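Asker: All chains, please: the whole structure from these sequences, using the hints.
Residue numbers are given in numbering that gives the first Met the number 0: position 199 of the sequence shown equals residue 198, and the series is strictly consecutive.
These are calculated hints, taken from the structure and not from any lab test. The model shown is predicted, which means the values in this text are computed figures rather than measured ones. Heads up, a few of these hints could be off.
[To be verified] Pairwise CB distance ranges (calculated):
1) D221 - M250: 22 to 28 Å
2) G127 - L166: 20 to 26 Å
3) S37 - Q3: 25 to 31 Å
4) E74 - E42: 18 to 24 Å
5) R253 - A103: 17 to 23 Å
6) G50 - R218: 22 to 28 Å
7) R253 - S37: 32 to 38 Å
We treat Cβ as the ideally placed atom computed from N, Cα and C, and that holds for glycine.
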Amino acid sequence: MKPQNTTALITGASSGIGAEFARQLAARGHHLVLVARSVPALEALAAELRGAYGVRAEVVPQDLSAPDAATRVAEALAAREITVDLLVNNAGFGTAGRFDGIAAEREHDELMVNVVALVGLTHAFLPGMLSRGSGAVVNVGSTAGFNITPYFATYGASKTFVLNFSLALWSEMRGTGVKVLAVAPGPVETAFFDGIGTRKAAIGAKMSTPERVVAAALRALDRDRGYVVPGLGNFAVSHLMPRRPRKLVAMIGRMVTRQVADELTPVTAR
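Answerer: Right, here's the structure in full:
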């Protein structure tokens, strides 16, 4: 996708991977729409990128756990006459601990952000890309989406949805000029683990950085890869772990992730 006069919408853009997507896309010349709940953080990032790269940077405050979040974002952009050429569904958060000890309301919000808003925004902006014969959707998942994840049950399942949904769309969109990419990073140095309350949630894996994850994602998008797992170690764990028998895999997963449950009073990270 040529960046000239194209606009990228990034959710969860106030920090971490989302903010880094904004920086690297601005460096490529894309104009930006930044979506998150934190207005001060979004305004500060928008000002930084306007000054550094001379791009337009619009701020759209929105809590993506709201049932009508995708509609509200689409209406805000329509009112400003902004066309989205690249959609980065980055917003998401995780819950950790034994399922029955996690508040049902938080798990509901987690699915609204990780799954429902992602699908809603894709529905809102993909048809326009198809009509123009160009565009891209990037969905940020996790290596957790490849595995059965006891004590991260809802989070892992939501990321499995992101992976499978994205690859299905990638296949559907072949030959249309629209690219779809799933990004499945392992642990990344962001506020995610600070919010959970323990670095043990990384399950011993080496931390990456938002800069590396986004650079790998954009290289994969340029090549229309369909999905990417940044980091050789993460790729190996995601693809070399056995998938069956599923009950045995679930029991092995429990042994690996139990350390998190033992340390945590059930909490959430966002």
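Asker: Which numbered hints are broken by the structure, listed smallest first?
Answerer: 1
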